[in-house]
Amino acid sequence: MKYETLHRMWRLGAIAVGASMTLSAFAVQAEVVFHRGNTGEPETLDPHRTSTTYEAHILHDLLEGLVVHAADGSLAPGAAESWEISEDGLQYVFKIRDDARWSNGDPVTAEDFAFSLQRILTPDTGAKYANILYPIRDAEKINNGEVPADQLGVAALDEKTLQITLEAPTPFFLELLTHQTGLPVHKGQVEAHGDDFVQPENYVSNGAYKLEEVVPQAHIKSVRNEFHWDKDNIQVDTVFYYPTEDRAAALRRFQAGEIHVNNDVPQDQVRWMRENIADEFKASPRLGTYYYALDMRDPDLADARVRQALSMAIDREFLVEEITGAGQVPAYSFVPPGTNNYDEPAIADYAKLSMIDREEEAIALLTDAGFGPDNPLELEIRYNTSENHKQVALAIADMWAPLGVEVKLLNTDVATHYGYLRDKGEFQVARAGWIGDYNDPQNFLFMVESDNAGFNYANYNSAEYDALMDQAAATIDLDERAKILRQAEELFMADLPFIPIYHYVNLELVSEKVEGWEQNLQGRHLTRYVKLEQ
Amino acid sequence: MLAYAVRRLFGAIPTIFVIIAISFFMIRLAPGGPFSLERPLPANIMRNLEAIYHLDKPLMVQFWIYLQNLVQGNLGPSMVYRDLSVAEIIGSGLPVSIQFGGAAILLALVVGGVLGSYAALKQNQMSDYSVMAIAMVGITIPNFVMAPLLQLILGVELGWLPVGGWGEGAFRNKVLPVIALALPQVAVVARLTRGSMIEVLRTNPIRTARAKGLPERIVIGRHALRAALLPVVSYLGPAAAALLTGSVVIETIFGVPGVGRLFVQGALNRDYTLVMGTVILIACFIVIFNLLVDLIYGVLDPKVRYD
Numbered sequence: 000m001k002y003e004t005l006h007r008m009w010r011l012g013a014i015a016v017g018a019s020m021t022l023s024a025f026a027v028q029a030e031v032v033f034h035r036g037n038t039g040e041p042e043t044l045d046p047h048r049t050s051t052t053y054e055a056h057i058l059h060d061l062l063e064g065l066v067v068h069a070a071d072g073s074l075a076p077g078a079a080e081s082w083e084i085s086e087d088g089l090q091y092v093f094k095i096r097d098d099a100r101w102s103n104g105d106p107v108t109a110e111d112f113a114f115s116l117q118r119i120l121t122p123d124t125g126a127k128y129a130n131i132l133y134p135i136r137d138a139e140k141i142n143n144g145e146v147p148a149d150q151l152g153v154a155a156l157d158e159k160t161l162q163i164t165l166e167a168p169t170p171f172f173l174e175l176l177t178h179q180t181g182l183p184v185h186k187g188q189v190e191a192h193g194d195d196f197v198q199p200e201n202y203v204s205n206g207a208y209k210l211e212e213v214v215p216q217a218h219i220k221s222v223r224n225e226f227h228w229d230k231d232n233i234q235v236d237t238v239f240y241y242p243t244e245d246r247a248a249a250l251r252r253f254q255a256g257e258i259h260v261n262n263d264v265p266q267d268q269v270r271w272m273r274e275n276i277a278d279e280f281k282a283s284p285r286l287g288t289y290y291y292a293l294d295m296r297d298p299d300l301a302d303a304r305v306r307q308a309l310s311m312a313i314d315r316e317f318l319v320e321e322i323t324g325a326g327q328v329p330a331y332s333f334v335p336p337g338t339n340n341y342d343e344p345a346i347a348d349y350a351k352l353s354m355i356d357r358e359e360e361a362i363a364l365l366t367d368a369g370f371g372p373d374n375p376l377e378l379e380i381r382y383n384t385s386e387n388h389k390q391v392a393l394a395i396a397d398m399w400a401p402l403g404v405e406v407k408l409l410n411t412d413v414a415t416h417y418g419y420l421r422d423k424g425e426f427q428v429a430r431a432g433w434i435g436d437y438n439d440p441q442n443f444l445f446m447v448e449s450d451n452a453g454f455n456y457a458n459y460n461s462a463e464y465d466a467l468m469d470q471a472a473a474t475i476d477l478d479e480r481a482k483i484l485r486q487a488e489e490l491f492m493a494d495l496p497f498i499p500i501y502h503y504v505n506l507e508l509v510s511e512k513v514e515g516w517e518q519n520l521q522g523r524h525l526t527r528y529v530k531l532e533q
Numbered sequence: 000m001l002a003y004a005v006r007r008l009f010g011a012i013p014t015i016f017v018i019i020a021i022s023f024f025m026i027r028l029a030p031g032g033p034f035s036l037e038r039p040l041p042a043n044i045m046r047n048l049e050a051i052y053h054l055d056k057p058l059m060v061q062f063w064i065y066l067q068n069l070v071q072g073n074l075g076p077s078m079v080y081r082d083l084s085v086a087e088i089i090g091s092g093l094p095v096s097i098q099f100g101g102a103a104i105l106l107a108l109v110v111g112g113v114l115g116s117y118a119a120l121k122q123n124q125m126s127d128y129s130v131m132a133i134a135m136v137g138i139t140i141p142n143f144v145m146a147p148l149l150q151l152i153l154g155v156e157l158g159w160l161p162v163g164g165w166g167e168g169a170f171r172n173k174v175l176p177v178i179a180l181a182l183p184q185v186a187v188v189a190r191l192t193r194g195s196m197i198e199v200l201r202t203n204p205i206r207t208a209r210a211k212g213l214p215e216r217i218v219i220g221r222h223a224l225r226a227a228l229l230p231v232v233s234y235l236g237p238a239a240a241a242l243l244t245g246s247v248v249i250e251t252i253f254g255v256p257g258v259g260r261l262f263v264q265g266a267l268n269r270d271y272t273l274v275m276g277t278v279i280l281i282a283c284f285i286v287i288f289n290l291l292v293d294l295i296y297g298v299l300d301p302k303v304r305y306d
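Protein sequences appear in the order of chains A and B. Heads up, the first sequence is in numbering that gives the first Met the number 0, so the first residue is 0 and it goes up one at a time. Heads up, the second sequence is in numbering that gives the first Met the number 0, so the first residue is 0 and it goes up one at a time.
Keep in mind that the hints were calculated from the coordinates and are not lab data. In this text, a Cβ means the ideal position worked out from N, Cα and C, and glycines have one as well. Treat the hints with caution; some may be incorrect.
Said to hold, decoys possible - Think about it this way: if two alpha-carbon atoms lie no more than 25 Å apart in a straight line, the pair counts; the simulated SDA-like pairs of lysine to any residue are:
hint : chain 1 : residue 1 : chain 2 : residue 2
1    : A       : LYS423    : B       : GLU49
2    : A       : LYS220    : B       : PRO94
3    : A       : LYS186    : A       : THR164
To be verified - Which chain B residues stay away from chain A? Per the calculated CB distances, all over 10 Å, these:
hint : residue
4    : ALA11
5    : PHE23
6    : PRO57
7    : ASN68
8    : VAL109
9    : ASP127
10   : MET145
11   : SER233
12   : ILE295
Chain A with its partners taken away, still in its complex shape (with noise of 0.2 Å):
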C-alpha cells in the first residue's frame, strides 16, 4: 500500500471518528441519580463481615455472586452463567461468563470465588454469617480453626470453572450463595490493601456499581461500573443510599421528592400513607415471623395445654388489623406462606374457628391442666423496648386475660433482652422476631432443633422433632424432603414452643418515576433493574 493511500485512509478514519465523538456527545444524556432511602448506616462494606439487610442492600448493587435474585425475588445467574449439579447433590460446577470483569478491568475468576469462600471461613475474618456457608465441605471445620482454609471443599478446575463440594445434599444451597456472604472479593485488592481493601480508593468491585464515595452517616455514593456485563440495559448511573434511620423524617424527604424510594415506613402513620399516598406506599408479604417464645423449663408452660390454650386465644385478626395495621399476615404456623420448596405449611385448625369457640376450648384446656379462678396463671411477657411490641403485648394480655391469665410485662433495651435470651436466662413467655437468611422451610424450622443454643430460645427438646430434620437434611428429592419437613412443622405446631402471631410485610415507599422496583419475598431490589422516568 502506497503511503498516500495509508495517509488517506488514517484521515478518514480520524473524521469518522471524530464524527462518532460528535454524534455520542449529542446522544448523552443526563445523568440519571437514584437516590435511596436504606434504614441503617452500614456496618461494613466487606461482605464477609456484614450481616445486616441494609448493608445487603448496597452490597448487592456493588458485588455480584454466581447467583442473584431477579427483579421478582427469584432466582437467576450471576457471575455464573449456568452450573451443573451432580445427581447426588454434592457436586456444583458453575460456569463463570466470559465477560465477568471487575471494575478495574480484571476478568472474574473462579479463583475470586475460592479465594472469596476461604476468606469468609477463615476464623480471624471474624465473619458473624459464616455459618450461611457451612454446607460446604469442611467449612465449619475450618471456621473453628480445626483445619487449615485450604482443605475447603472448593476448587478453581481453570479461569472460569469453579467447583463446589458439599458436606451433605443442600437443596436450598443456590438459595444460599444469593446472600450476601457469598459475594466475592477482588483478590488482589485484598492481598495489597488488607481490611482496607473496602476504603473506597481501594474497592474494586464486580457487580453493576462501583464505591465511589464514603461518608459515614450521611450517605453510601456509588457509580456505574463500566465493565460489567449487563451495563447495556442499566439505566441508572449513580446511586445514592442514605441511612434513614428516622423513618419520619424518612417520609418527609420522600414527600419533598429527595428520595425516590425508602424500604421503610413510620407504622404510627400508616394509615395517614394509605390516604395520601397510596399508590405510593407498597406493603407486601416477607419471609418473616413475629412470635412469642414460650420457655418449656417453667413448670406451667412444660404442658402443652397450657401452651395451645395460649396461642388460641390470640386474636390474630384483631392484632394486625388494629394494632400493626400495615397489611401483616396472621400467621397460624411458623413458616410463611409461599416459602420456596415446600407446599401449604402446617396451618393450626383452630384458624378457622371463631374467637368464641376458641376462647372456649382454651378455657376448658386450662382448666384441665390445673388451672382457674382459684389457680390464675401468672405470666410474664418480655419483649425488646418498642411501641409496637409493647402495644402487642398489652393486646395479648388483654385477650388471655378471659382465660383467667394474669400477665406481667417486662421491657429491655434490644441487647439485654436477646442477650438474656442467648445466656439462657429464665424467662417464661418472650418476644422475637425472625426474617428468613434465605427461602426454605428449613430455614424457619431449625430455629427449634435441641442443638440449636443460639435460637432455641423455647430450650424445646424433642428427639422426634430432630430426626425429622435430620431426615430432611439427607433427603435429596425436594418433594420428598417437602413432606418431612411438613410433618416436622405439624409437630411444631403441636407443641408449640414459639406461638406465631404474624408475618412480616416488608414496607416500602416507592416513587411513580421508579419502574423495575418489584414487591418481593426477600425485599430485594438490586438497582440495576431499576428504571428512572427522568
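With the hints as your guide, set chain B onto chain A.
Coordinates of chain B only, in the frame set by chain A:
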C-alpha cells in the same frame, strides 16, 4: 494566666482517668455485648469475634490493653462499624458537629444577646413581654417537635430548603439543622441576658456612667453588656461542650453526619470502644470549656485574678 491554664489542664488528667475507668467497667455491666444481635451468633463464631477484639480475656487485662493503646493515642477499632477505627469515626464526625455547634452557639449568643438586652431595656413593656413569650415557647418546645415542624413547613410545603441529607455539606443543607439546634439556645440566652442586664442596669457603675453623661450606646454596649454577659458565659461553657459534641435528635432527624449519635448508638450497640472514645471526647470538651469559661471571666470581670 498561661500557667494557670496549664496547671488546670494537668489537674484534669486524674479526673479523666477516673471517668475512663468508671465508664469502661460500667458499660461491661450492661447485659449483652457488641455481638449479641437480634439474630444470635453460633457459639464458635462468637468465639472467633471475641478473640479478635480481646473480649475473651479477663476484664482487667482488657482494661490494661485499652490503657496501653490509649496512651499511644489509639482509641481502638470500632466493634460494630468494622471498616473504621474509633478515631476515624470521631474524626469524620467531629468537624461537622463543631461546625454545626459553633454556628448554633454564635447564633444563640448574637440573637439571644440582642433580644435579651432589648427586652431588658424595654422592661415590662409590650415588646419585653412578646420577646420573653417567644423565648418561653422556644425553651418549652422540644427539638424533636421543632425539627419536624421546620422540615414540614420550610421543606415539604414551601420547598425552600432540603428536608434532610448532607448533600456534600452544601450551605442549604445546613440551614434547618442549625436553626433547630440554635432555637432553644437563643431562647435561654435571651432570658439570661435580660435577667442579668436588668440587675446590672441598677448597679452603681452604670449609674455613675450615666451620671458622667456618657451616651446610652456606650453605657449599654461597653459597660452594662460586659457585666451582663457573665451568667451567659457560665451557661454557654457546658452548653457549648454539649453542642459541639453533637445532638442525637437533630443529627438523626436531618441526617447530619456528626458525633452526637455515636455515643447513643455506641451504647445501644454495646460498641465498647466507640462508647469509650465518645466518653473521652465529651470529657475533654467539658474540661476545656470549663477552663475557657474561667478564662473569659477574667476578661469580662476585673475582680477575677489567676494566681
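Evaluation of the provided hints:
| no. | hint | in the structure |
| --- | --- | --- |
| 1 | A:LYS423 to B:GLU49 | holds, 19 Å |
| 2 | A:LYS220 to B:PRO94 | holds, 21 Å |
| 3 | A:LYS186 to A:THR164 | holds, 21 Å |
| 4 | ALA11 | holds, 29 Å |
| 5 | PHE23 | holds, 17 Å |
| 6 | PRO57 | holds, 19 Å |
| 7 | ASN68 | holds, 17 Å |
| 8 | VAL109 | holds, 28 Å |
| 9 | ASP127 | holds, 36 Å |
| 10 | MET145 | holds, 13 Å |
| 11 | SER233 | holds, 32 Å |
| 12 | ILE295 | holds, 32 Å |
Consistency note: the structure conflicts with none of the earlier hints.
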